[in-house]
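Novice: Model the full structure from these sequences, guided by the hints.
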Amino acid sequence: MFAYALRRILSTIPVVLIVAFFVFSLLYLAPGDPAAIIAGDQATPADVERIRASLGLDRPFVVRFADWFWHIMHGDLGTSIFTNLPVTHMIAQRIEPTLSLMILTLIISLTCAIPMGVVAAWKHGTWIDRAVMVTAVFGFSTPVFVIGYLLAYIFALWLDWLPVQGFTSISQGLIPFLRNLILPSVALGLIYMALIARITRATMMDVLSQDYVRTAKAKGVGQRGILFLHALKNAAVPIVTIVGIGFAALIGGAVVTESVFAIPGLGRLTVDAILRRDYPVIQGVVLLFSFVYVLVNLAVDLLYTLFDPRIRY
Amino acid sequence: MHRRDFLKTAAVAAAGGLAAPRIGHAADAKVLRFIPQANLANLDPIWTTQYVVRNGSLLIWDTLYGVDDQLTPKPQMVESHEASADAKTWTFKLRPGLKFHDGEPVLAKDVVASIQRWMVRDAPMGLPIKKRTDALEAVDDRTFRFRLNQPYPKMLFALGKSSTPMLFIMPARIAATDPYKQITEFVGSGPMRFKRDEWVPGAKAVFEKFEGYVPRSEKASWLAGGKRINFDRIEWQIVPDTATASAALQNGEVDWWELASPDLAPLLKKTPNVAVDIADPLGNIGSFRINHLHPPFNDVRARRAIQMALSQPDYMGAVVGDDQTLWKTLPGFFTPDTPLYTEFGGDILKGKRDYEGAKKLLAEAGYKGEPIVLLVATDVAITKAQGDVTADLLKRIGMNVNYVATDWGTVGQRRAKKDPPSEGGWHIFHTWHAGADCVNPAPYTALDASGATAWFGWPKSDLVQEKIAEWYAAPDLPAEKKVIAELNKAAMDDVVYVPTGFFKAYQAWRKNVSGVVKAPFPVFWDVTKA
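Chains as they are written, first to last, in this note's numbering: chain A, 1 to 313; chain B, 1 to 530.
A couple of the hints might just be wrong.
Stated by the list, open to error - According to the in silico footprint, chain B covers these stretches of chain A (three or more CB under 8 Å from chain B):
#1 24 to 34
#2 43 to 51
#3 82 to 96
#4 159 to 170
#5 235 to 243
#6 256 to 262
For the record, the hints were derived by calculation from the structure and aren't laboratory data. Built from N, CA and C at the ideal position, the CB exists for glycine as well.
Specialist: Right, here's the structure in full:
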């Protein structure tokens, strides 16, 4: 198991390198010019050229890629064209808000979605099942920004319970931290919640029709025991899979959520960098996301062994 | 305690805690929370000409002169100046007691180094001064001198200009940085110091009161007079989404929003604790920028066809909506309600639009239905709105439109290409010019018609250039007005570009904040918060 995990971690290196090459190539081919943005609207073409040269953007593709790759190999993601700050510093500044948003979203989503799916499967065909499914369809089909604005209007502007925007570090207290993150986490988590609830319901319905469940009932095992000790554990593999796959959706959703709630996270950093063509930042963030995504998939694979002892690596 | 009671108690406590009144909610009168017009991604006002950088720099760095609300340059760091009778030697003396944020005194050598860096990057005014300068020297610690080989009558205006790049005074060691490279230290002598340790680009920038700053004794007026700061901290919060910014202002999470969206202004006006007013009285001029190098627009008749068909109300409606207090038509190139404003020569932009006449002119210019490459930056609301109106206009006059929807970063790159439009070049793009840059020809890059060295589109008109030169030499305001009227007509006749109208924007602030003024930049001095 340990050897497998190590192999998988090592196998992320070529994946990340391939991603790095593609990201660099795409950005090189993509139109846009950071020098023109820096110089501003009133700058002369000559000024734009001088700035481009000073940033090294006039060098050939191979030279730029080799230079960038050399620095990557030494753990240096480069320096932002616009802020003149190291990309690692900018990522470090932004990672806490994004990580906090992701974790809280996961907690809220899983805490709500799994019981919802289990209850819907248990009460299959009843109004409870239908209510859960309607909620899931609503969550799945409503864009994050609509939910975000709606929640902000109700809980911040109308009820005046929570702030509209911003982020407070957990180091400044749990309550201020949660006050800022609850609305964005719920907004972002709704689609995730819907996805997991639907999968949980479908898988549980399948598991609940299995013979061993009937046997457990016959032996007098209580309803709660059947659902949560026997059935849910056996339904866990597809649920864990969807949690992993949904992580990519979560990253995409975080970009929108961070913009709507003005959270200074990696999503906003990425959007700002793309709009300004801040190449080192875009490359750094994409590398980070691809690495994290690979690690999440590894975690999912390892979790399979926990829920299903038949799976061995 | 029973389990259910415990859960109930915990839930109530959690809800109560989360819904507790915001700590510091508008309570700290010494902190001003401000949403700027854009992200403050860097702080070198010479390296980049973005307005948001200029606005942040106004807090950190001081200027030799500053324009007041009458657009007159007034001494700021300078105590006095003296010009020789032939206007070739200018001697300036600095105020006593000027200090940088690191405690070092501001010396004439710092000023000389700052001017030298600025001159290289300021094409409209700095470079012409540089070309005329035989010597720029520090006479003593508080005195510096220009020795010119020919007079430059607009010297004070140049040293105090508010358009970018502005002349900010930095320590000589910082000003020695290559003007095409970014500075790495943000040490100034302005009223606030930059808290670099709290800077999160794209999210937050913090300025802290500089106790060593000695304001002038005069009343503040825009960039002139005493810059008295009434806050310990000014926090810039970057809120990219306008709806969120509006809600944050309504909720009291921020105090002042520099550029309130016109769509949300009606809502903000109804909010009891929020005040809404025009941000910049000098507003902006919308621009229909034409490439003069390639057919059909290398023929002035094709450019005039656009002028006679273009409806400014259509453009302004698309840019700022139904609020008619925010815009007016502009049959001229200069900022309305400023001393040099003129409509002379602008009749072609007035009255009923003549589509048939435009079609006829296009035919005379040899247009035969070739695709017209229209670059539209769809990520910028103003350019997107103008681009959509233009696409409709071009179709109405029988042109074949190739609508290139892209982002501003791409427009910024592609507009620099002089290649034919069919080979990656372009015919038309849209932008807008700050009214503060269009009050006279000096900062007005877009009006330059010098051909290959002109701004994108590369218009060439000897008459326009002649009139600009005459303005520089004009001895007084009446003479300037006469020349500007002729310049306006010459630029209209050659169709250097087509103004799409004059528009303003709103700013909004909490009513417990007072002293907010209308200006082309946020003026933080004399603002207070109850």
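Novice: Checking each numbered hint in turn, tell me which of them this model violates, lowest number first.
Specialist: Result: hint 5 breaks, nothing else.
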